[in-house]
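Q: Those sequence lines, one after another, are chains E and Z. Here the working numbering is used: the first residue of the first sequence is 1, the next is one more, and so on. Here the working numbering is used: the first residue of the second sequence is 1, the next is one more, and so on.
If you're looking for bench data, these hints aren't it; they were derived computationally from the structure. Owing to the predicted nature of the structure, the values given are computational and were not obtained by experimental measurement. Among these hints, one or two may not hold up.
Since the list gives no way to pick one copy over another, a pair counts as held whenever it fits inside one copy or between any two copies.
[Stated by the list, open to error] Each computed DSS-like pair below joins lysine-lysine, with the alpha-carbon atoms no more than 30 Å apart:
id	residue 1	residue 2
1	Lys-327	Lys-241
2	Lys-16	Lys-327
3	Lys-241	Lys-16
4	Lys-132	Lys-7
5	Lys-16	Lys-252
6	Lys-252	Lys-327
7	Lys-7	Lys-313
8	Lys-7	Lys-252
9	Lys-313	Lys-3
So the chains spell out like this:
Protein chains: 2
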Amino acid sequence: PEKLWSKFVSVATKAKKLGQDDPRRIVHSLKVGLAITLVSLFYYFEPLYDGLGVSAMWAVLTVVVVFEFSVGATLGRGVNRGLATLLAGALGFGAHRLASFSGNICEPILLGLFVFLLAAVVTYIRFFPRMKARYDYGLLIFILTFCLISVSGYRDDEVLDMAQKRLSTILIGGATALFVCVFLCPVWAGDDLHNLAAINMEKLGSFLEGFGNEYFKTPSQGQSMEDKEILQGYRSVLNSKTTEESLANFAKWEPRHGRFRYRHPWQQYLRIGSLTRQCAYRIEALNGYLSSELKASQEIRSKIEDPCTKMSKDCSCALKELAQAVKTMTKPSTANCHIANSKIAAKSLKSMLKTGLWQDTDLLEIVPAATVASLLIDIVSSTEEIAESV
Amino acid sequence: PEKLWSKFVSVATKAKKLGQDDPRRIVHSLKVGLAITLVSLFYYFEPLYDGLGVSAMWAVLTVVVVFEFSVGATLGRGVNRGLATLLAGALGFGAHRLASFSGNICEPILLGLFVFLLAAVVTYIRFFPRMKARYDYGLLIFILTFCLISVSGYRDDEVLDMAQKRLSTILIGGATALFVCVFLCPVWAGDDLHNLAAINMEKLGSFLEGFGNEYFKTPSQGQSMEDKEILQGYRSVLNSKTTEESLANFAKWEPRHGRFRYRHPWQQYLRIGSLTRQCAYRIEALNGYLSSELKASQEIRSKIEDPCTKMSKDCSCALKELAQAVKTMTKPSTANCHIANSKIAAKSLKSMLKTGLWQDTDLLEIVPAATVASLLIDIVSSTEEIAESV
């Protein structure tokens, strides 16, 4: 029992941390509970219950399945589900009619063939990358509804009635889910995507800010845990692609909200994101030189310290400025200036290397930092171009 | 109509390409069609149909929803669905009983409260990363079943009967899906993960193989499209994390098959994968130096050509050897030897740089290739350690 208790405590602390990291999670849970309860009670007090019959449960099912974390995802699922049910219902009814004309023996064969063909073809369509991204769920529901209509049609001629009932309950369920999702503390995927783009840039900026001090510090200076955490922050950027893509997909479903129009250029965010990642890859390479065994000696480092710290500082300022600009959707004011500064620093470093200052030293450890930093400048300037177009 | 036709043709060619890229997709589509048709026909010829009633459609629903591309995913969903239905059914029945004791007025309030609490708590649990990875679908079904049992219980006392029927149909549907999935050309997520690890390493190897030629070629030599494609192959490795993780999750559900035991060390693949990605990040940085404006002059490059090509060739051989070793699950025989060779080359390059050969040249463009290559050696050796443990 004591072990159980400690396990319970650890789970509870984890749950608490999860909530603190993003309080919207708690709100979301409560919203789901509310929506489901609403639908359940609706059917409890609904005098038409007997009219809708078992189909009533489709409303509950719809709420449970459709309700997602962000508005875009919920809307996308809802629209997918509604349209797919409608289309598949019509098609299923047609197939059922067609088969019933053909006599008692042919009917099951024909229906089986229809079901087989449709299921196979639609499943194949689900492999198309573009379909998968936006309509995967709809295609699934399409197969499902078509098959259900056909199967239930075997014994029962109330197909039309059933299809209509199902559609109406799905509408009720979907509407409830959407209503709760949109009007109670909505979570917009577009906002998330927007913030993610800014945060990722900022993380890279923080890394570069810390990098200068970290690389050129003397061994006697210790490293605080906090610094280390900042330096590791960029790592999450490396694998941000999937998150960004799904957020952009959800965002496309969202109507106008806040500062975003309906057809906000979400694709732009993906482009910014991929440039940010490119920059992060370079930083990952740069990060490798922080480990002490690959560092150049104190003496050599001190020679290049000045331009290098300047470069990383300026790049960091530019990135942070850009992040801020993306966040507030304004034009970056001084970013260009920072970039120009870092370019000057890079040039001075280059000319420094050209002079014969280095004849007797091991070159391997000095130059990479400089080269990567100069690459960074290219990246920053291209990021800037895009940020300006927002 | 002509436009429509050209659109149709383009879709058709895309569909064909999709099938050629991975013929298993076509097989999968046919399998889904078969499974659904089987279940539909089963209910058509089933004399017990009237006994199972509307629940029969749950079997079709289960097949449609559970059937996934790989065996692991299908098994995972099936088990999730079965267990969740069982648990939630029992709990829902209990809640229903408890509420019905409390009198007519309290009943809906109490039930509403139960539904709200359970939905909110379980939705919150879905945010736990570990739960999300393996039991997300089960938790969804858990909410669903619990609510359905409660809602239907309002008017109908046949809850127990209904729960039992639902479970049996789900079992039938799940069994059909699993049977078709496992015994007709099964697709194992474990195999895919295994191959992915090997292919990714091989891609990096191909890049390094081509890199030497590409970097040190004279401007007069043209570049064939094929070469370019090989050099871009590594890009897909950069974003392979999500795919690998989901495959590993699926693989954990799979029983013994082929050369894999039930508890194959799938975690190991993730570790190999992350090292491979690390290596890919470095290669991404290296790739930046291929563009002509960043290349050093012909003369300088020719000086370091010998050790550099040696290093990249040896690294490439080692990586390919390791990939082969992972694929065939044998110990790599000559990989160590290649790694040792490339280390020797790196050393000779280092000493070459130490001598004052470079006094009057621009250093910026020479060294990165060498440094990144020496980093690569570290990566390769660590990859090797892990490959040996397979």
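Q: The structure should be examined with respect to each hint, and the outcome stated for every one.
A: Here's how the hints hold up against the structure:
For the homomeric pair Lys-327 and Lys-241, the shortest alpha-carbon distances inside one copy (19 Å) and between copies (28 Å) are both at most 30 Å. Proximity of Lys-16 and Lys-327 under a CA criterion of 30 Å is satisfied intra-copy only: 29 Å inside one chain copy versus 43 Å between copies. Proximity of Lys-241 and Lys-16 under a CA criterion of 30 Å is satisfied in both settings, with 28 Å inside one chain copy and 28 Å between copies. Proximity of Lys-132 to Lys-7 under the C-alpha cut-off of 30 Å is restricted to the inter-copy arrangement: shortest distance 19 Å between copies versus 40 Å within a copy.
For a Cα distance limit of 30 Å, the shortest separation of Lys-16 from Lys-252 across copies, 29 Å, qualifies, whereas the shortest one inside one copy, 32 Å, does not. Proximity of Lys-252 to Lys-327 under the C-alpha cut-off of 30 Å is restricted to the intra-copy arrangement: shortest distance 19 Å within a copy versus 41 Å between copies. In this assembly of identical chains, the alpha carbons of Lys-7 and Lys-313 never lie at most 30 Å apart, being 46 Å within a copy and 52 Å across copies at closest. For a Cα distance limit of 30 Å, the shortest separation of Lys-7 from Lys-252 across copies, 24 Å, qualifies, whereas the shortest one inside one copy, 42 Å, does not.
With identical chains, the CA atoms of Lys-313 and Lys-3 are never at most 30 Å apart, being 50 Å at best within one copy and 55 Å at best between copies.
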